[in-house]
Amino acid sequence: MKSRLQLLQEQLAPSGILRAAVNLSNPLLIKSKHPLTGVSPSLAKEIASRLQVPLQLVTYDHPDHICASLEDGSKPWDIALIAADPDRASRIDFTPAYCEIQATCMVPKSSSINSFDDVDQEGVRVSVKGGGAYDLWVTRNWKKSTIVRAETLDDSYHLYVDEKLEALAGLRPRLLEDLGRSKPSLQHRILDGSFMAVQQAIGCLKQHQRDFQGVNDSDMSIGYKFLCDFIQEVRKPGGIVERLIEEHEMTGRLSLPTDS
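Each residue of the sequence shown is one higher than the last, beginning at 0 in numbering that gives the first Met the number 0.
These aren't lab readings, by the way, just hints derived from the structure by calculation. Being a predicted model, the structure only gives us computed values, none of them experimental. There may be inaccurate statements among the hints.
Said to hold, decoys possible - Listed below are the simulated DSSO-like cross-link pairs for lysine-lysine, each with C-alpha atoms no more than 27 Å apart in a straight line:
1) K44 to K32
2) K74 to K1
3) K44 to K30
4) K1 to K224
5) K224 to K205
Make a model of the complete structure from these sequences and hints.
Structure (structure tokens):
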């Protein structure tokens, strides 16, 4: 009979190597690309260590590319460190969040927009980096405003400024940086609160218990349960995630989940 570790390796690292997909476009999770460091790579390294297999980081320039890589039936990665979202859950099982990032809006200082309800109104044009978790949320929830998508974070900022749009939606840490680099004459402000919190999680391909044990006594595969239990452990206050946030100098920019 196979050991639990062997079953986990069979599901999560069938090639003998844990292939972990990471999103290079989030500077809060990827501190450096050369060498590749940050909270996401460090967390993937911890999972590989517990599975007792080598780690291979599979890099993507955009989170949507991680999901799109599954469309032809191929399996180019074993786990993915990306934001959990219902639109991504048809192929991917997501763990609880290991950290979260508030999403909010920047508006001109003179704007009459003071709440997120004010943002979702006719005639309000919102610049957003397309395809990210907060863009998916905005697409589902804001039906009155006009969403104007850009390829990159920099492009979304310049689109907002150059086209004099009414709002820029984004992650609070990045918007604070944008606010700091704005010309004093432009005068912008950031709305209080958040319209959503991006839940950074670990995803694995949907599997079933019977695929690896010959039974179907649970809808939760052994690999998925291992990842969920791992996240519940490491996201506790004072745990591994909090240590990694401090180690990679992201304190105040990444937060432990409010339900941890």
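Against the structure, the hints come out as follows:
Straight-line distance between C-alpha atoms of K44 and K32 comes to about 16 Å, which keeps the hinted pair within the 27 Å bound. Taking the CA atoms of K74 and K1, the gap is about 24 Å. The hint holds against a cut of 27 Å. Of the pairs offered as hints, the one joining K44 and K30 holds, with about 15 Å between alpha carbons and a cut-off of 27 Å not exceeded. Distance hint between K1 and K224 is fulfilled; the C-alpha atoms sit about 17 Å from each other, no more than 27 Å.
Taking the CA atoms of K224 and K205, the gap is near 12 Å; set against the 27 Å cutoff, the hint holds.
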